[in-house]
Amino acid sequence: MSAVVAVFQRELRIALRRRAEWAQPLVFYGIVALLFPLGIAPESPALKVFAPTIIWVGALLAALLGVERLFRGDLDDGSLEQMLIADVPLALLIAAKLAAQWLLTAAPLVIASPLLGLGLGLDAGPVMVLFWSLLLGTPTLIFTGGFAAALTVGAPRAGMMLPILVLPLMTPAVIFGGGAVRAAVSGLPPDAPLYFLGALLALSLTLLPMAAAGALRNALG
Amino acid sequence: MWTWFHRLASPPTFYRFAERLAPWLLVAGLALIGAGVWQGLFVAPADYQQGDAFRIIYVHVPAAALSLSVYTAMSVAGAVALIWRMKLAEVAVVTAAPIGASFTALALVTGMLWGKPTWGAYWVWDARLTSELVLLFLYLGVIGLHQAYSDPRTAARACAWLALVGVVNVPIVHYSVQWWNSLHQGSTLLSAEAITNPKMAPSMLKPLLMSMAGSYLFFGAVWLRRMQNGVLLRERRSKWVREIGLPAWPADVPNGRPLSGGPGTARRGDRA
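Just so you know, the protein sequences line up as chains A and B, in that order.
Note that our numbering has the first sequence beginning at -6, numbered continuously upward.
Note that our numbering has the second sequence beginning at 7, numbered continuously upward.
Please note that a few of the clues may not be correct.
Unchecked claim - To give a feel for the contact side, a few chain B residues facing chain A, derived at Cβ under 10 Å:
{"#": "1", "residue": "Leu88"}
{"#": "2", "residue": "Trp90"}
{"#": "3", "residue": "Val140"}
{"#": "4", "residue": "Gly147"}
{"#": "5", "residue": "Val148"}
{"#": "6", "residue": "Leu151"}
{"#": "7", "residue": "Gln153"}
{"#": "8", "residue": "Ser156"}
{"#": "9", "residue": "Leu170"}
{"#": "10", "residue": "Val171"}
{"#": "11", "residue": "Leu211"}
Stated by the list, open to error - Estimated spans, in silico, between C-beta atoms of each pair:
{"#": "12", "chain 1": "A", "residue 1": "Lys41", "chain 2": "B", "residue 2": "Ala34", "range": "55 to 63 Å"}
{"#": "13", "chain 1": "B", "residue 1": "Trp125", "chain 2": "A", "residue 2": "Leu181", "range": "24 to 32 Å"}
{"#": "14", "chain 1": "B", "residue 1": "Val33", "chain 2": "A", "residue 2": "Gln17", "range": "56 to 64 Å"}
{"#": "15", "chain 1": "B", "residue 1": "His12", "chain 2": "A", "residue 2": "Phe124", "range": "50 to 58 Å"}
{"#": "16", "chain 1": "A", "residue 1": "Arg65", "chain 2": "B", "residue 2": "Gln153", "range": "17 to 25 Å"}
{"#": "17", "chain 1": "B", "residue 1": "Arg26", "chain 2": "A", "residue 2": "Gly71", "range": "49 to 57 Å"}
{"#": "18", "chain 1": "A", "residue 1": "Ala185", "chain 2": "B", "residue 2": "Leu47", "range": "39 to 47 Å"}
{"#": "19", "chain 1": "A", "residue 1": "Gly114", "chain 2": "B", "residue 2": "Ala85", "range": "45 to 53 Å"}
{"#": "20", "chain 1": "B", "residue 1": "Thr194", "chain 2": "A", "residue 2": "Leu198", "range": "34 to 42 Å"}
{"#": "21", "chain 1": "A", "residue 1": "Gly66", "chain 2": "B", "residue 2": "Pro177", "range": "35 to 43 Å"}
{"#": "22", "chain 1": "B", "residue 1": "Ser193", "chain 2": "A", "residue 2": "Leu28", "range": "39 to 47 Å"}
As the list claims (entries may be wrong) - Where chain A lies over chain B, by a calculated footprint (3+ residues, C-beta under 8 Å):
{"#": "23", "region": "158 to 169"}
{"#": "24", "region": "172 to 179"}
Calculated directly from the structure, the hints in this document are not laboratory data.
Ideal Cβ placement from N, Cα and C applies to all residues, glycine included.
Let the hints inform the model, and build the full structure from the sequences given.
Here it is as structure tokens:
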């Protein structure tokens, strides 16, 4: 267990030393959300209709941004190999790494999302649903991204592979996340899509670290 | 049963088995597809609502069914490859992906051609259509991932992991017509009620079942042939491949780069 805590703390410590780096997804998120009103025309009612999607797709892209480098640094400095040979299940170490990644890159997005939602013209009720859907959905995004990063870390010709692998796998989270907010906007109960997000979260928290561990062992072993 | 299964996992045995089976599957599959399509186009009556446009189901429905079945088969092969470290299953995963992608593309294209006269649009962003498109991207991901690695075994096992995780999309595609209020019609064939009391006229149903069965057999033949190729490529330097009398593999490695994936790159705990 101490190894898991150590991995988690190490991630946070590294991130704290490079403050500019963990602010990047948040800035990126803000810019993406800003581009849509510019494109749609700010006074258009369409903006309000698109707001849930803008915020969700923005979160998805921002999550993707950080995931790309997830294992790269550890591979370069050799700590990934230490994790592979450690006497602790690799899946747990990866889960700790991904949890730290969520805290650093996705949690700020979740906290900033009500601001963006209100800014794009959503009402208070749907904004709360938006917050909950992102809270339930972003860990799924990060864990899916972590799995894809593990698949491609050893690939010399990966290139654009990571987004291509990740985005189809992330579609269910976007469907239910956007769906929950849309339901709330039109005055329907958002419970069902939120429960679906919760189910996806449970599945991805339990199964994806194991799949990522297997993929990592395969890529480097 | 299990000894037979284990023996089949050995590449030479599989090669000879496939060599005997594939031609029969191909002939039977093409005959059934031909008969099914001919009956569907010329014998079956026109639909009372859609007229002759409905006849595209004799291509569309088998292609769509196979797009899901091939993915399921690919992920089962992936599980076998990862759990029992069976080389043949690794070959099965990577060879299934292009076939599945072709069937998915065929299902999408035929669906679009049918959608224009019937729905009035080639494409609608509907749950069934979108999830089928996501399935195509999953197949393309497997194909791309396979080419991203130079070592064929690492590539195949990475693909196996991806196929396993991506299998969550298969029930989503299948049940999308029930879960969401979809423009695409529900399943006519697959339900307990529909099997005892078909919802389709026999003169329309029979050609459909024929072309579906034929497509499955055709897929089996193509998959076996592609797997044979994959096995030959991986085992190109082993004795049994030389003995079956294929032309010799052209000069090995001029620049001294080690060829991986042949015999001698076995991993710990490998079978066959």
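To see whether the hints hold, each was checked on the structure:
1. Leu88: holds (7 Å)
2. Trp90: violated (14 Å)
3. Val140: holds (5 Å)
4. Gly147: holds (5 Å)
5. Val148: Constraint on B/Val148 satisfied, holds at 9 Å.
6. Leu151: holds (6 Å)
7. Gln153: holds (7 Å)
8. Ser156: holds (6 Å)
9. Leu170: Holds, about 7 Å.
10. Val171: holds (5 Å)
11. Leu211: violated (33 Å)
12. A/Lys41 to B/Ala34: 55 to 63 Å: The hint (55 to 63 Å, Cβ to Cβ) holds, given that A/Lys41 and B/Ala34 are roughly 58 Å apart.
13. B/Trp125 to A/Leu181: 24 to 32 Å: holds (26 Å)
14. B/Val33 to A/Gln17: 56 to 64 Å: holds (60 Å)
15. B/His12 to A/Phe124: 50 to 58 Å: holds (54 Å)
16. A/Arg65 to B/Gln153: 17 to 25 Å: Given about 20 Å between the Cβ atoms, the range holds.
17. B/Arg26 to A/Gly71: 49 to 57 Å: Check passed, 51 Å falls within 49 to 57 Å.
18. A/Ala185 to B/Leu47: 39 to 47 Å: holds (43 Å)
19. A/Gly114 to B/Ala85: 45 to 53 Å: 47 Å Cβ-Cβ, so the 45 to 53 Å window holds.
20. B/Thr194 to A/Leu198: 34 to 42 Å: Taking Cβ atoms as reference, B/Thr194 and A/Leu198 lie about 38 Å apart, which means the hint holds.
21. A/Gly66 to B/Pro177: 35 to 43 Å: Between A/Gly66 and B/Pro177, where Cβ atoms are some 37 Å apart, the hint holds.
22. B/Ser193 to A/Leu28: 39 to 47 Å: holds (41 Å)
23. 158 to 169: Held - the region 158 to 169 of chain B has 5 residues with a Cβ nearer than 8 Å to chain A, which meets the minimum of three.
24. 172 to 179: holds (count 4)
Going through the hint list in order, the structure does not satisfy hints 2, 11.
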